[in-house]
Amino acid sequence: MSDLALDIRNVTKQYAEHVAVSDLSLAVPRGTVYGLLGPNGAGKTTTIRMVLDIIVPDSGSITLLGEPHRTNGMTDRIGYLPEERGLYKKMQVRRVLRFLAQLKGVPARVADQRIGEWLERLELTTAEKDWGMSKIDELSRGMQQKVQFIGTLVHDPDLIILDEPFSGLDPINAQALKDSIVELRSRGKTVIFSTHMMDNAERLCDSVCIIARGRKVLDGGVEEVRTAHSGRTVALAVDDRSRALIAPVLADRALVSRVDDQNRFYELELAPGADPQEILRRVVASGASVNRFELVLPSLHQIFLETVGARGVEEGMSGNG
Amino acid sequence: MGKLFVVFEREYLERVRSKWFLLGTLLGPAFFFLVLVGPRYMGGRSSVTANVAHIIVLDATGMNMGARVSDALHERFPMSPPPVVQAVPQSELPLAEERAASRVQRSEVLGYLVLDSSTVTGRSARYAGRNASSLSDIEAVRNLVRQEVLAERMEREGIDSKRVAAFARIRLEMHTIKIGDAGREQGSGFGAVMFGYAVALTLYMMIVIYGQTIMRGVMEEKTTRVAEVVVSSVNTDTLLAGKILGVGFVAITQVIAWVALILGMAFYVVPMLPKPPVNEDLMTGAAAAPGVDAFAGTIPSISPGTAIALFLFFVLGFVFYAALFAAVGSMVNSQEDVQQASTPVMLLLVSSVIFMGPIMTNPGSNLARTMSLIPFSAPILMPLRMTLVPVPWYEIVGAIAGVLIACLVSIWLSARIYRVGLLMYGKKPSLRELARWVRYAR
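Going down the list, the protein sequences come from chains A and B.
The opening position of the first sequence corresponds to residue 1 in the numbering used here, with each subsequent residue numbered one higher.
The opening position of the second sequence corresponds to residue 1001 in the numbering used here, with each subsequent residue numbered one higher.
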């Protein structure tokens, strides 16, 4: 048994107008939480759709749970929550869920039992009301999202793929989703999710892959990635009166390539070849009163901006996947 | 196979469970009942305008023909205001016609009838009026004039006028029997016409109603984005097949329910109704047939071969159009676009129906033959033609083969459009983009 849940090798998908994914390779170890990061239009959804055999790559290979991804019955072992969510509006909740479970090869009786458990766990069936008997369009948005989440997991998949799962969730539901992801991982499941919210990825993921314009920019464990980019970032805090004094130093492109004002402190990205000690000397020489000067591990957010930069984000904004 | 059944089951059960299905199943036979039986309870002569005799008779014959016709009209249509007779010399006829026309314009009378020397010789009469395009009105008036011309001639030959009246006013009903390849068939020729019409119309209705049901179903999956989840579990070909099969079986279920209900009504409800008034309408034999016989005569015996052919035409015709409708549904994103995008498919369907009338009046014509062989109209028009006249077996087989090939093409094309379209959002594709979808599906 392969220890990779997903192994994508040199996959390319080209449309008439543009290249959606170009020579992409990535490996997701079993039992991990993996983040697929990238701006809109980077090719995340296309990649996910290829994994799910909804579209076929032009070249390259995809291996799922140790077998070629187009093996019969393979998609039954994957749970998928698409970015754009929706269900049959006029259908009863239990029937929708049974339909989704049966499509994944779960016998109706087993499905009904699991659906009952899930509805109770997510408080859709309570002493007063069984929302399972209602039609989808009688449910609130939050409840519909819960139903959709049950639909993703009702067949107990080994690999769960969530496309932008946090978009549109309120803080309480976002927390519940985060808990669920952690719980799935603790049961040995592999979770892959795409997002452009770096904070979520940094907190949740074991490994990440950043893609932009259909190409992989970097990948690896979150801590490895951050370490690899360390030594280039400085956190600097001065008291308010000194802000004006250090402005010339921060503006010196020979020392600092980018400044991110975080309000309570500045996050500085060093210019290539610049020495952090030189910055410190210049700041002190300017007469500013320094509260903090620290070489820090950059956030994923910063690495993302640094690696993808303006080049990927702006061009990618118009795309849809 | 398992997944196909899951999709099929959902499509079928969700639709059969809905209250609209129940409503349609109950209303269908009621509609049929109203159309076939209703008119006879609405006064028997409903096909002729109520005040058909309220006309001016311009008599230029100089031999009192106008009064005869006027009396006959009044006698025949006692419920209508009586005609007004004006005797005019031949030379003043144009002026009299003008005056009569303006009275018709002012709606004082329904029309005017001109009788002149050529009427007496049995060649022609003229009628102008608001109902001049009502075939049954004109036919009724024409028959009366003919009858009176005949009576007048017989009297001139010295036959007693009372006996003439008895001779001339014969009303003859024509009972028809169809002879096919196997000899005489049960049921009247008229029954076959009604049966063929009913079959063709039912096929058309089922294709339109359930084809569009499929189209809306596909659109729903696309616009609600359920499609995203569904296609991650089942490939689009299976999904499309399950959908067409599921909805197709709903249609079959409905037809079976209709036939059962109609037969039930024919044998249990109709005999309990009061006899309709005896019909004196000259126009249609349909209305003349008494209640139960009409039903019995409407359903001629069908050979097993014909039954199989009818079933094949229904199934293949449905699949052909259903696949096209599904492709249309997957192409569009909004209700506004769907109207426009489905127009080509609807045109194909409607063009078949336009030819139903001409084919019914002359089922042996070349037009009938051609239209019943063209694949897109064959599923509706060949069954119609088959019930009207004997059709050589090789034409039937040829038509079925044609529809089958058309079916395969439509499935192939639609499956590819569906595959791409289902997850493609944004504007409606142009023809060029569609062609690209078909070429590069997946």
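Treat the hints with caution; some may be incorrect.
Claimed, not checked - Within a straight-line C-alpha distance of at most 30 Å, the following computed BS3-like cross-link-like pairs (lysine-lysine) qualify: (1) 1427/B / 129/A; (2) 178/A / 89/A; (3) 90/A / 135/A; (4) 1427/B / 178/A; (5) 1162/B / 89/A; (6) 1019/B / 90/A; (7) 135/A / 178/A; (8) 178/A / 216/A; (9) 1019/B / 178/A; (10) 1003/B / 1019/B; (11) 1428/B / 129/A; (12) 178/A / 1162/B; (13) 178/A / 129/A; (14) 89/A / 135/A; (15) 1162/B / 90/A; (16) 129/A / 1162/B; (17) 1003/B / 135/A; (18) 1162/B / 135/A; (19) 129/A / 90/A; (20) 89/A / 129/A.
By construction, these hints were calculated from the structure, which means they are not laboratory data.
Keep in mind the model is a prediction, meaning the values are calculated, not measured.
Going down the list of hints, with the structure as the test:
| no. | hint | in the structure |
| --- | --- | --- |
| 1 | 1427/B / 129/A | violated (42 Å) |
| 2 | 178/A / 89/A | holds (27 Å) |
| 3 | 90/A / 135/A | holds (6 Å) |
| 4 | 1427/B / 178/A | violated (36 Å) |
| 5 | 1162/B / 89/A | violated (77 Å) |
| 6 | 1019/B / 90/A | holds (12 Å) |
| 7 | 135/A / 178/A | holds (27 Å) |
| 8 | 178/A / 216/A | holds (26 Å) |
| 9 | 1019/B / 178/A | violated (42 Å) |
| 10 | 1003/B / 1019/B | holds (27 Å) |
| 11 | 1428/B / 129/A | violated (42 Å) |
| 12 | 178/A / 1162/B | violated (104 Å) |
| 13 | 178/A / 129/A | holds (27 Å) |
| 14 | 89/A / 135/A | holds (7 Å) |
| 15 | 1162/B / 90/A | violated (74 Å) |
| 16 | 129/A / 1162/B | violated (87 Å) |
| 17 | 1003/B / 135/A | holds (23 Å) |
| 18 | 1162/B / 135/A | violated (78 Å) |
| 19 | 129/A / 90/A | holds (19 Å) |
| 20 | 89/A / 129/A | holds (19 Å) |
Hint violations for this structure: numbers 1, 4, 5, 9, 11, 12, 15, 16, 18, all remaining hints satisfied.
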